[in-house]
Amino acid sequence: LRWKTAHEHIIEAKFTRQAIEKFVETSKIELRDEAEAMVADLCRQNIPLIIFSAGIGNVIDIFMRKKFGKMPENVHIISNMMVRDFNEEGVVTGFREPLIHTFCKNGSVIKRKRSFFNDANTRSNVLLMGDSLGDLNMDVGVAGEMMALKIGFLNFNVDTLLDNFLDGYDIVLIDDQTVQVARNIIDLVAESKSLHFAASSTSCRIEAVEEQQQRGEETDKPHT
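Per our numbering, residue 1 is the first one in the sequence shown, and the count goes up by one each step.
Please keep in mind that the hints were generated in silico from the structure rather than gathered at the bench. None of the hints are false.
Pairs of lysine-lysine, DSS-like flavour, derived with a Cα cap of 25 angstroms: (1) Lys28 to Lys66; (2) Lys14 to Lys4; (3) Lys66 to Lys14; (4) Lys22 to Lys66; (5) Lys67 to Lys28; (6) Lys14 to Lys28; (7) Lys4 to Lys22; (8) Lys70 to Lys22; (9) Lys22 to Lys67; (10) Lys70 to Lys28.
Based on the sequences and whatever the hints tell you, model everything.
This is the structure in structure tokens:
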């Protein structure tokens, strides 16, 4: 696999964390428009965000920490993570298993003891966002029985890939460099949840008042 070959080249080059951090700082990596706000929305709603990547997880980790000041508590990275020596140089010596590539980006590569796994198992819905056909099954094995709404970002080869994207994804966005659609969906779900909670609370209050009034009426009844 080309992933293993790429990893071998990285190990042979004896990259250090300092070098990788410099690469990230000078790179042109950017989040989609409104992605920062979306991460903040999810964190505020206590909704886990799982980032699946067949790339180098350390790069994502460094980028996210620099972008947000620290890793947001709700963000979990599932990717190929480098193993470093415990010396001052911090040279890369290998990668953690299992190898994650485009067509195994799903729950089968997640260790069940991962911090978010119990939380994910309590979820009944997932909003999946991907930009390739290999991303379609990222929800498999992450949680139990769940409903998945899948958003596909089609950025190139539109004429060739559009039909396959439409077959796999529920929503297909062509050359959309934002996460506006996903944010709108999250806002609607959060609003619906808040309304449901408010309605439930109101119902409980009404029942409590009615019960209190009923007790008062029974107390006011004359004794025979």
